[in-house]
Amino acid sequence: MSVLNQHLLSVLIFLPVVGAVAIALSRRESETLQKILGLVFSTAGFALSLLLVRGFQDVAGMQFVERGRWIPAWGISYAVGVDGLSLWLVILTTFLTPLALLGSWSSIDRRVKEFVVFMLLLEAGMIGVFVALDLFLFYVFWEAMLIPMYFLIGIWGHERRIYAAVKFFLFTFAGSVLMLVAFLVLYRTAGVGSFDLAVLVAAPVDPALQVWLFLACALAFAIKVPMFPFHTWLPDAHVEAPTAGSVILAGVLLKMGGYGFLRIAIPLFPEAAVRFAPLIGVLAVIGIIYGALVALVQPDLKKLVAYSSVAHLGFVMLGIAAFTTTGLVGSVYQMLNHGISTGALFFLVGMLYDRRHTRLISEFGGLKAIIPWYTAVFLMISLSSIAMPGFNGFVGEFLILVGSWPFSPTLVVLASLGVILAAGYILWMVKRVFYGEPTNPKNEKLPDLSLREAAVLVPLVALAFFMGVASPLFTKRIEPAADALVVQVQERTRPIAAASLGPVAPPRASRADPAEAQR
Amino acid sequence: MSGELDLRPLVPAIIVGVTGLVVLLAQAFTPKDRRAPSAPLSLTGLLAALAAVWLLASGGGRGAVLANAVSADAYSLFFQALLLGIAAVAVLLSPSYLRANGLDRGEYYALLLFSVVGMLGLVSSLELVSMFVALEIMSIALYGMAGLYRSRMESQEAALKYFVTGAFSSAFFLYGVALLYGVSGSTSLDRLEWAVSTLTTDSAALALLGAGMLLVGFGFKIASVPFHMWAPDVYEGAPTPATALMSAGVKAAAFGALLRVFGSALHALAGEWQPLVASLAVITMVVGNLAALAQGNLKRMLAFSSVAHAGYVLTALVASPGQAGEAVLFYLVVYGAVNLGAFGTIAALSREGREPLSLGDVAGMAERRPALAAALAVFLVSLTGIPVTAGFVGKFYLFNAAVTAGWVGLALVGVLMSVVSAYYYLRVVVAMYMRDPLGEDTWARVSPSATVALALSAVITLVLGIYPAPVLTLARIAARSLL
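Chains as they are written, first to last, in our numbering: chain A, 6 to 524; chain B, 1233 to 1715.
Don't take every hint at face value.
To be verified - Computed Cβ-Cβ distance ranges for the label pairs, DEER-style:
id, chain 1, residue 1, chain 2, residue 2, range
1, B, SER1590, A, ASP359, 48 to 58 Å
2, A, SER111, B, ARG1677, 27 to 37 Å
3, A, ARG59, B, LEU1715, 47 to 57 Å
4, B, ALA1437, A, VAL197, 39 to 49 Å
5, A, VAL197, B, LEU1715, 19 to 29 Å
6, B, GLU1584, A, PRO77, 46 to 56 Å
7, B, VAL1691, A, GLY198, 51 to 61 Å
8, A, SER35, B, TYR1699, 29 to 39 Å
9, A, ALA207, B, LEU1715, 56 to 66 Å
Derived by calculation from the structure, the hints in this document are not laboratory data. No residue lacks a Cβ here, since even glycine has one placed at the ideal position from N, Cα and C.
Using the sequences and the hints given, assemble the complete structure.
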């Protein structure tokens, strides 16, 4: 067991690769075998990832660390580890992948082998991004993961899939190459001859240079999040991707942006990060409002969910920009929530599409009477998505809003508007699709959830609820790492921090006091 | 030396040259109704030469011989091994292609081997006139190969164009040699190095002019903008395996010589020529990539991509010779494998005088030929420079060298142009994987020897992308011997 624990992260990364190779070698015709193998490998990955939770200590610092020589000439090592920021994101990845495979069991009916192979490779890449502790390794996973996603959208997507796939690829690739140059410049100026993240964090960079390096990295991450105004690839990619692609894209891929800020951009370039925090905060709130307003007017269900992602991730970025422990915990938690609720929404929309081959809201109406179970699940996930107390979304958004108050009360007030708008666009959509009299005769024979579909949705609904009521189980693991990050950055930026960071600046800090705020 | 004639450093080149003659003779003595064993003979010769390189590397024979004109230092041996490997893969790709296009004649292999002799000489010359002779041996053989399709206009055009521009560039090169001779009183690189490090202001201008002329001469061979005009036409018109050899081998050999002259002999002038090389790198990357965007023909697209890649390699030359050497050497290995693979895929599908040249020709390939499509996708992804392929590690190394030398702008242009290149490389992947096939699959079954060649290229591309350390170490050792 201890041997497994020592190499647990590597096993998690490479198990899907082994699975992908095994499936690639199988015969093209044995599609069921390939689906089963894919499910077995990804489920085994999920089971193993639970060992991470079991062995995880609630302290700051990296755990399950593994180091190996890789390219010694450049000081590049294979270094992986998890802490509170990445732990749940890894679990989210291993959790969503088997569900995505199960969810596309029947909707993917051609080139099954390649589909399963790409899904597994994608999983490996995503886990790699979340656990890499070496910048080179991080970049390798970050980019390598583009390729399977590109194929998933381009081969199994809808009508405009090729346009969407190429746009997705070029946007994210353009963002990340600048980050690569930033890494190279950092490597040179730090002069420590290593790409190890911890070593580089300990080697301070001249603040003037930091600005450029931070901007280069921030661009890569902001495109991935995606933050307004870098979000335009997202609706295309989401709408054109097959269900499994949308689920993974929304569920996991977008989290890499926020995670990149927390793991790479902020620790490496703290002074610059503090300087740009107000800008990020403002863009985040614009994203919240803009995403919600655009979602409000979408005639297409999938587009609506896609734009709601822009709004939700605005919250995540607001919490990161605020940079208080509470805000960061909220952001990480909200990333998980978004993965679950938006992932589930994409599954649901996909299931409706499988039945009717349309996603237009106007084609539906009164579905409650025809498919009651589906409606019930949809409603619960909607409530989770609009942050209803009792569901996970509430905890995340609440923590973010509370944590961001010291940063900027104005932004918090504006962001709260976004919460209301979210309720608006989701509930209005629910009303038009599910309530009233059935309007379209084509919908009269729709079958309700099948057993397989229920098997996909039940874990998601259960988790959305569980994370809403038992949030401390999750947040207590995130908190030490978030706290350590805040302290680390404050120590590095003390002189500047007095001007712009809430908690260490007395005048702002007093405004954070709720009692005083009421007066 | 003591008057003893030591030919050991020349053994690989001699083996290849003799094999070329044997191939010609075998052709002459084979009855008309039988096929001469040209390909197996060539392959044997190349592998024997590779073994000789191996023996030289593990044993002695490293000193400079023939009046300090030729050396078998680690640098030469690295390049010789690389060039022989590239040639061997090109030979593996050739038989089925030549048969499919009615070109199955012994001359092709003889010319190929003779051009390899020139390449081997180019990378191991320590003296400018020997270098020029080697350059000409290589080029003249290639002119012949480019024009091998006697019945096709494009091939004739390619040969003539290549010949005329080649002669033009040779003139520049020679003039450069003459000017440098004027500076140093010698054509030996050692003497030249010493002379340029003790320049007076008068002779500095002369030395720079000479260096500039040499750069123009090399610029033609590596196909850097604005000396690249021949490349698309020649790459398009030549038989595809010969194109593969040109893009992988000629470029490697020319960069090998370029780096030796500029990185080592003319290093004292680096402050003067580096801005020039940097601007060449920028326009080469920009023009090469933008022009590739506009190409509909796959061979022309790969030709412009090959121009663009010359630009990427040039970015590393602004670094210190050691670091530039490592980066360039590693990149040329990667680039050789990838380009052989990309052109090789096109060649392997050739049938009855046709080859897949348009996106429509490869549409839906992933469903009909999954393994072949996957291999080509790997090559294209590697050309784009995305992990986990060797192309990423190679570009990382080049741009790292430029950044370390303080030329961040060069690296920026490089990565941004890589994004542009993603568009035209991925267009092929889109066609293969995301479009439906047009019409029947009338392309050839890939022959066993071509399969070996493509599999080898693909494996090298992936292995160097995942575990590059051993080759990096070799490149480092080789580059050190330049200093």
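To see whether the hints hold, each was checked on the structure:
At about 36 Å, the CB distance of SER1590 (chain B) to ASP359 (chain A) disagrees with the hint of 48 to 58 Å. Distance hint check for SER111 (chain A) and ARG1677 (chain B): the Cβ-Cβ separation is about 35 Å, which falls inside the suggested range of 27 to 37 Å. Between ARG59 (chain A) and LEU1715 (chain B) the beta carbons are some 55 Å apart, a value that agrees with the proposed interval 47 to 57 Å. Between ALA1437 (chain B) and VAL197 (chain A) the beta carbons are some 43 Å apart, a value that agrees with the proposed interval 39 to 49 Å.
One distance hint, 19 to 29 Å for the beta-carbon pair VAL197 (chain A) and LEU1715 (chain B), holds here, with the actual separation near 25 Å. Here the CB-CB span from GLU1584 (chain B) to PRO77 (chain A) is close to 52 Å, well matched to the stated 46 to 56 Å. Distance hint check for VAL1691 (chain B) and GLY198 (chain A): the Cβ-Cβ separation is about 31 Å, which falls outside the suggested range of 51 to 61 Å. Look at SER35 (chain A) against TYR1699 (chain B): about 32 Å separates their beta carbons, and that is inside 29 to 39 Å.
Checked against the given bound of 56 to 66 Å, the beta carbons of ALA207 (chain A) and LEU1715 (chain B), roughly 33 Å apart, lie outside it.
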